[in-house]
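Sequences listed follow chains A and B, in order.
The first sequence runs 164 to 486 under this note's numbering.
The second sequence runs 164 to 486 under this note's numbering.
Bear in mind the hints are in silico, worked out from the structure with no lab data behind them.
Take the hints with a grain of salt, since some may be wrong.
Since copy identity is lost for identical chains, a pair holds within one copy or between any two.
Listed next, the in silico DMTMM-like pairs over lysine to aspartate or glutamate satisfying Cα-Cα at most 20 Å (straight line) [unchecked claim]:
(1) Lys302 with Asp445
(2) Lys476 with Glu381
(3) Lys302 with Asp452
2 protein chains.
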Amino acid sequence: MTLLVGVVEGDPPSRDVLASRPDVRYVFIDPGSPPPAEAAAAEALLIWNVRSGYLRDHWRDFTRLRWVHAGTAGVERVLFPELATSDVVLTNSRYVFDEALAEYTIGLMLALTKDLQTTLRHQSEHRWVQRETETLSGKNVVMVGVGPIARRTAQIARALGMSVRGIGRTARRGDPDFGDIVAAGALRAAFVDADYVVMVLPSTPETAGLVDARAIAELRPTARLINVGRGSTLDQGALCAALRDGRLAGAALDVMTPEPLPADSPLWEVPNLIISPHMSGDHAGWQRDIAELFTRNLERFLQGEPLLNVVDKTLGYAPSEHV
Amino acid sequence: MTLLVGVVEGDPPSRDVLASRPDVRYVFIDPGSPPPAEAAAAEALLIWNVRSGYLRDHWRDFTRLRWVHAGTAGVERVLFPELATSDVVLTNSRYVFDEALAEYTIGLMLALTKDLQTTLRHQSEHRWVQRETETLSGKNVVMVGVGPIARRTAQIARALGMSVRGIGRTARRGDPDFGDIVAAGALRAAFVDADYVVMVLPSTPETAGLVDARAIAELRPTARLINVGRGSTLDQGALCAALRDGRLAGAALDVMTPEPLPADSPLWEVPNLIISPHMSGDHAGWQRDIAELFTRNLERFLQGEPLLNVVDKTLGYAPSEHV
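If we strip away everything but chain A, and leave its shape as in the complex, we get:
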């Protein structure tokens, strides 16, 4: 008995990272074309190119589908009502991006804190201008989102001598990495004395615009904000206004609205704002890491065991046991 697995190709194509197995046959699917006839028989689907909306557009072709794996942590592009209400299990690539994303986030925090943008601009102008800068040590960071990426970031922040708080779906105390976690309703109160805010939220109806103009208004003018989760979770206009008015010291966005950011967007030129093209998780080797995770899940699927990283299709993400 051979399992037929559809693979919606990404860019770059990634078929060489999937190990061939005698009990599995892969059907590779060009996201720009309708599914080949044999794809209708696929029981599992691995989606590299989550942006294509491929499954939503061709949902009725996949009549035998039982499992979909997304090659991302955030699944808002893969999830749609028909999938959500079906019996098809959705898994994501949670954990694959934690280390790279946490490093990238800490890198952005340090870049803002050490004013690296100005140093690089001075370098391009051949100017030697010494300045005093801040330290992360002794400062605090509010992690908005308490999933595994936020957790790894919190661990490194603690190693750097920062104090950490978390904002999650439900409040709890004494988490080893986040310390006290407060519920989203207490977000504005947590922002009042924040030195850094790091946003690592999935895109769900619940998180849309969670960090809004009123929350941003609570931040001190010395505070800095980093978003590496999803652009939809932040009122981007309110952030830019705060930066332009000097009500916020700095910000870095690896995610934003829209993506890719058009060349004529005013966002590129907002003062003290670093724009990074949604690349924080794209570490060299990510395709192999996802293929390895998929293969582990494939083994479980073939054995009839519970899959790893099952997305709660109502919540819109794979919940931690704690949250």
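Please build the complex by placing chain B on the supplied structure of chain A, with the hints as guidance.
Showing chain B alone in chain A's frame:
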């Protein structure tokens, strides 16, 4: 009995950070002028502006001097033969800059690794160009120099999932932060499989040009080098040649030769090189931190107790108990 303390002012002036004491009288000295008459009676001298060479130039004026404190970690500008062979005790500001310097160093490592220079250039050009980048996790770093700044950097590097080795004056095994420390003679061998080299050396006759063309030639083309110690310890020309030829992936220099770097130096334009104007230790509050250290030493001096951070005037730095 009042102790007379000379204070060679820096830029910015820092007299307001020194607490007034009934048993101490401060005489503030403009580094551009000869010592005032009363300075001859100073038994202690606090030098903020170590670059001025003030004490060397006016050595014979300070007839009653017993103790000199340098407001820096590196003392090569303060140390000169007459001071070295005298009974005057020299102390430095070791430990004051550890945290800031370690953070800055990690920030430079992450900037190089995540290719932040290119991202910021793309931002200025309004271009959205996603790339894959490396992680620090799983990579190794060779710390050249094993003093407290290197130690703090090593601790953070370990928290980021890196493996760490050290190069010190004497070999030893099983250091909690550096792991195995090899002697400088084994430097080239240690460079062969280095992912990152971080140089945190003082400027002494022993360290001059320690990382030379032959050492740089041992590095892999994927390696990256950061110098936050002193420019004299690195063959800068060899580094630039390696970067220009693509024999090295990247480098960042916070210290170099000469400083300040003149506007017409070719160094500003070397590919994959970040030039930072010797500011890694200049955290907001450094003057207060040095004043606090000086005050603790002043207390000891008045009590006749051994001073903190005594520089070995033969070695040219304050040695750790381990090294």
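For this session: Go through the copies and call it for Lys476 and Glu381: within, between, both or neither, with a Cα cutoff of 20 Å.
Result: neither (33 Å within a copy, 53 Å between copies)
Problem set entry | Intra/inter-copy verdict for Lys302 and Asp445 if alpha-carbon distance must be at most 20 Å | between (28 Å within a copy, 17 Å between copies)
For this session: State whether the alpha carbon distance between Lys302 and Asp452 is at most 20 Å within one copy, between copies, both, or neither.
Result: Between copies only: 17 Å across, 34 Å inside.
In the structure shown, a violation is registered for the earlier hint numbered 2 alone.
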